Amino acid sequence: MAKTIAEINEKIKRGQAVVVNAEEIIELVRQKGAAQVAREVDVVTTGTFGPMCSSGAYFNFGHTKPKIKAGGGTALLNGVPAYTGWAAVDLYLGATALPEDDPRNKIHPGEFAYGGSHVIEELVAGKDVRLTVESYGTDCYPRRHLDTWINIKDLNEAVLFNSRNAYQNYNVAVNLSGKTIYTYLGTLKPNLGNANYCSAGQLSPLLNDPFYRTIGLGTRIWLGGGVGYVAWQGTQFNPNAPRLANGTPKRPAGTLAVIGDLKQMKARWLKGVSFVGYGTTLNVGIGIPIPVLDEEVVKYAAVADAEITAAVVDYSEAYPQGKPEVLGEVNYAQLKTGEIEVKGKKVPTAGISSYKNALIIANDLKEQIKKGEFLLTEKVADLPTGDRAPAFKLLNERPVKEAN
Amino acid sequence: MAAKKIVLTFPKAKIDKPIVYKLIKDFDLVFNIMKASITPDQEGHMVLELSGEPDHIDKGIKFLKEQGVKVEPLSKEIKVDWDKCVQCGACVAICPTGALHVKDRKTMEVVFDPDKCIACELCIRPCPPRAIKVHF
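These protein sequences, in sequence, are chains A and B. Anchor point for the first sequence: position 279 equals 279 in our numbering, and the numbering is continuous, going up by one each time. Anchor point for the second sequence: position 23 equals 1023 in our numbering, and the numbering is continuous, going up by one each time.
Misleading hints may appear alongside valid ones.
What the hints assert, rightly or not - Straight line, CA to CA, 27 Å or less: simulated BS3-like cross-link-like pairs of lysine-lysine:
no., chain 1, residue 1, chain 2, residue 2
1, A, K179, B, K1035
2, B, K1084, A, K356
3, A, K266, B, K1079
These are calculated hints, taken from the structure and not from any lab test. Nothing here was measured: the structure is a model prediction, and the numbers come from that model.
If we strip away everything but chain A, and leave its shape as in the complex, we get (with noise of 0.2 Å):
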């Protein structure tokens, strides 16, 4: 028998709502099968935690007296450089912005002790940050400088908006070459020293509705400790990636952009983070609650780690050079007992992603539901599949011949 969202929803304002956790329901339909858990779960928490470099926000800070116009000049948060390209007061800064004079690599590899995504942390744990302007003066917005301190609960807006979040699936990183390489998935060991993965597996939001049934345009998420919306499909969408029999993606595929209220979220799960030789970038929390239809979404949803497989990639070569070449496929069940084989060698494995803190929002979720706090919405409008499916493809690139 199939459920309505609003059916759903009615449960959850009674407080009668029976939800469990991605991994709780795996169990469940071993045990009862998928036909039986359809009719008695209502909703299914999914939750994922790990470094998601597509990441920012974007606020109003206030007109000054005099006015400034901020749009056309510069902008440092802590020092990181915001983006100015818009009206007067509004700003956006990235995860992995950098202070103009951080060395970067020039000694590698490089500390990225401090970032944009650092900067986040401390305005959402509600740290005093300067901010300073210099601008060109316009009739209407005379003013040239500004330096001063701001605070998240002064700001008219506080915006966490993030163009890629919540990767369907992701690489497990190698390194084939002789020497110690530093990725955004880790320092990873001379000659197969170390595997590093980075999803969630069975808890990951987009894994548990592989075509994206429930999950789509404006569906309301738990994001950052707080709630969010699905805003758009997350930039590098590729719902055409190849799939297994049970429907999950043997590469990255799907993405979401997501956007919501940074005044409402946590320090504690916007997370700044820096990958020693590659950069600052924002570990987000982010939880997906699925509403049971019937029992096509429980059996999508009950899908366990050894049903999941990645990709094994060089980051030495293939990765850097875009070569497509893969080293084999693992699952993550085998990836989580710590050590996976490649090329007949065994490999120990890390997450980058924490599993740990992914149940954590699953079941943060799980609670603010059965309470009747969080509500289920229907989707504004399908990501785009099939026939809409944007192409990722690689950039076409047409070199600029300088004139003489």
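Take the given structure of chain A and dock chain B to it, following the hints.
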């Protein structure tokens, strides 16, 4: 049986003599070399874990000192700030002794066992939230 972690500093001239070997032969001690950097014509450093009878350990250390080797207890200590830790496994991949490890494979919780730590500091920089610090 007792065990003790010590840091040895060898003067230049001693490097070509098999001092550590004597600890086994003459003092019946078991040692585990946790870290060593021995370069000809320079001072050498070694972190050792000695185990054996307590009086043998004391005699062995006395012998090392008589040979002109500086002996200090391993006092560097690695501390994890669990409020900063994001529970990823970047350190687990790097830690050579398994001091930083995944406690159980269902919850995937990352924990730190100070007894296994040799204070090599390899984990400090790869930790994304920089939650690991050295204390002296």
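Mind listing which of the numbered hints don't hold for this structure, in increasing order?
Of the numbered hints given earlier, the structure breaks none, since each of them holds.
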